[in-house]
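Enquirer: Residue numbers (numbering that gives the first Met the number 0), protein chains in the order written: chain B, 0 to 258; chain Y, 0 to 241.
No lab work stands behind these hints, which were simulated from the structure alone. Treat the hints with caution; some may be incorrect.
Taking lysine-lysine pairs in the DSS-like style, the calculated list, with each CA pair at most 30 angstroms apart, reads [to be verified]:
| hint | chain 1 | residue 1 | chain 2 | residue 2 |
| --- | --- | --- | --- | --- |
| 1 | B | K70 | Y | K106 |
| 2 | B | K35 | Y | K114 |
| 3 | B | K41 | Y | K76 |
| 4 | Y | K7 | B | K41 |
| 5 | Y | K77 | B | K42 |
| 6 | Y | K77 | B | K70 |
| 7 | B | K41 | Y | K77 |
| 8 | Y | K76 | B | K182 |
| 9 | Y | K7 | B | K35 |
| 10 | B | K182 | Y | K211 |
| 11 | Y | K114 | Y | K211 |
| 12 | B | K42 | Y | K76 |
| 13 | Y | K77 | Y | K211 |
| 14 | Y | K114 | B | K42 |
| 15 | B | K35 | Y | K106 |
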Amino acid sequence: MIAWSIHFALSLLATCRDILPIAGIIIGFQLLVIRKPLAHPKKTLIGFLYVLLGIAFFLEGLEMALFPLGKLMATQLTSPEFLGFNPNQQPLSWQAYSWVYVFAASIGFATTLAEPSLLAVALKAEQISGGAIHAWGLRIAVSIGVAFGIALGAFRIVTGIELYYFIISGYVVVLIQTFFAPKMIIGLAYDSGGVTTSTVTVPLVTALGLGLAEAVPGRNPLLDGFGLIAFASLFPIIAVLGYAQLAHWLGTRTRSSKS
Amino acid sequence: MLEIRFIKQLFSSFLDLLPILAVVLIFQVLIIGQPIPDITRLIIGTLFVILGLTLFIQGLEQSLFPLGEAMAYAFAKKGSLFWLLTFAFCLGFGTTVAEPALIAIAKEAANIASKGNIIEQTEAARDSYALGLRITVALSVGFAIVIGVLRIIRGWPLYYLIIGGYCGVLILTPFAPAEIIGIAYDSGGVTTSTITVPLVTALGVGLATAIKGRNPMIDGFGLIAFASLTPMIFVMAYGILL
């Protein structure tokens with residue numbers, strides 16, 4: 000219990016250290032430039048403490064429960080014993096890793112759904128759009144994008160195809176979609192690419208990428224282990240733009256069939 | 000009243016977490032065929048995550064969102080572009096330079112560069128490379144928020160800038176050293192932390208609401224998109240120049 004309390008205090012301290020620059024900038028500008036007192040200083044301070052405590056508990060819980068298990072599973076799924084062969088004898092075809100792709104997609108979907116940054120953006124989007132954009136719908140669209148992205152990223156590590164072929168074609172798709180998507184959604188779609196990969200997703204996905212690059216013969220973990228996060232930030236953009244186009248298209252079709 | 004909301008939020012956090020639990024349990028038990036190593040730790044840890052998520056959302060709506068919006072209004076009312084842009088830069092630079100995920104990735108990148116004989120194989124060379132990379136990314140995020148804020152004020156269409164940025168990424172990629180490409184692409188994703196995102200989003204939306212002729216839905220978002228785009232360009236340029 001005492002050891003645990005020390006551990007928790009340390010992670011709380013680490014969170015404080017991460018927040019310090021932001022708090023310093025806000026307080027500095029508030030005092031020196033804006034020179035106006037905050038509307039609800041007490042409420043804001045308490046809210047800030049909630050955020051601090053919340054992140055500390057969140058990280059502590061992840062460290063305790065999910066990260067060790069998730070990382071263990073990433074290594075187990077890519078181990079030769081599980082795949083049932085000796086990798087030094089003959090190279091496996093990419094189909095042999097099918098459970099890895101399923102795991103990559105499921106863990107990508109599930110972790111994104113619990114990502115606090117995405118939750119924040121989705122709440123704000125629902126509030127501003129007056130409910131036209133549903134927080135849940137947005138989060139599911141983003142999660143599907145991440146799931147697809149990570150599975151494709153795992154496939155890339157297994158086959159060893161160059162990273163930038165995928166990324167460049169992904170960007171070309173985004174560019175084409177941008178021309179056709181409703182203007183309202185573009186900013187939000189681009190933003191959702193950046194918010195998907197933070198506290199929950201990055202450690203698990205990195206473990207998966209490095210484990211996979213170590214297990215597949217001929218891959219260099221230093222070179223091929225990276226790049227999964229890039230996939231996870233690219234495909235949500237495509238998913239959200241696609242979701243908006245679909246909703247827009249269905250909307251116009253219903254309207255035109257009624258008239 | 001407050002307690003009911005809290006319990007509701009706890010429940011919805013539990014629902015948010017349920018998919019991860021399901022994936023982990025199903026894979027561990029059914030596919031890998033191993034028992035769960037330490038079930039008490041799993042349960043306690045999960046409870047912590049749920050409590051943490053609930054507190055975070057509570058604090059978000061009570062503190063970070065109103066704070067970001069209040070500052071956006073105050074700057075818009077003050078009308079000083081210089082101070083607004085300075086604030087934007089500080090917010091981007093200050094929150095990124097100390098970001099733990101970025102520190103980890105910069106260290107990893109220095110190891111790769113050292114093994115690939117791009118830099119000398121000494122501790123000092125690795126440290127200075129990692130620090131240089133962190134400063135580069137932090138500068139690029141500061142720059143991104145400045146451009147994003149300027150865009151909201153001037154009303155430039157977002158997609159021109161984003162498309163221009165992507166073209167920059169596409170053009171730089173063939174010239175960048177192969178070792179840095181994966182890191183450059185990843186560094187775009189790791190720069191935006193859990194506290195920065197709500198603040199920056201609230202700032203953008205607040206500005207777009209406060210300035211006449213801007214639509215918060217069309218103009219308010221996009222700051223984070225810049226913050227994940229410019230690091231890719233800056234890091235590749237860093238790799239080319241070194």
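Enquirer: With reference to the structure, classify each hint as holding or not holding.
Expert: Quick rundown of the hints versus the structure:
1. K70(B) / K106(Y): holds (20 angstroms)
2. K35(B) / K114(Y): The hint is violated at about 53 angstroms.
3. K41(B) / K76(Y): Cα-Cα ~24 angstroms, so holds.
4. K7(Y) / K41(B): holds (24 angstroms)
5. K77(Y) / K42(B): The hint holds at about 24 angstroms.
6. K77(Y) / K70(B): Violated - the C-alpha atoms of K70(B) and K77(Y) are around 50 angstroms apart, more than 30 angstroms.
7. K41(B) / K77(Y): Distance ~24 angstroms between K41(B) and K77(Y) Cα, so the pair holds.
8. K76(Y) / K182(B): holds (28 angstroms)
9. K7(Y) / K35(B): violated (36 angstroms)
10. K182(B) / K211(Y): holds (19 angstroms)
11. K114(Y) / K211(Y): violated (54 angstroms)
12. K42(B) / K76(Y): holds (23 angstroms)
13. K77(Y) / K211(Y): holds (15 angstroms)
14. K114(Y) / K42(B): Outside the cut-off at roughly 51 angstroms; violated.
15. K35(B) / K106(Y): violated (41 angstroms)
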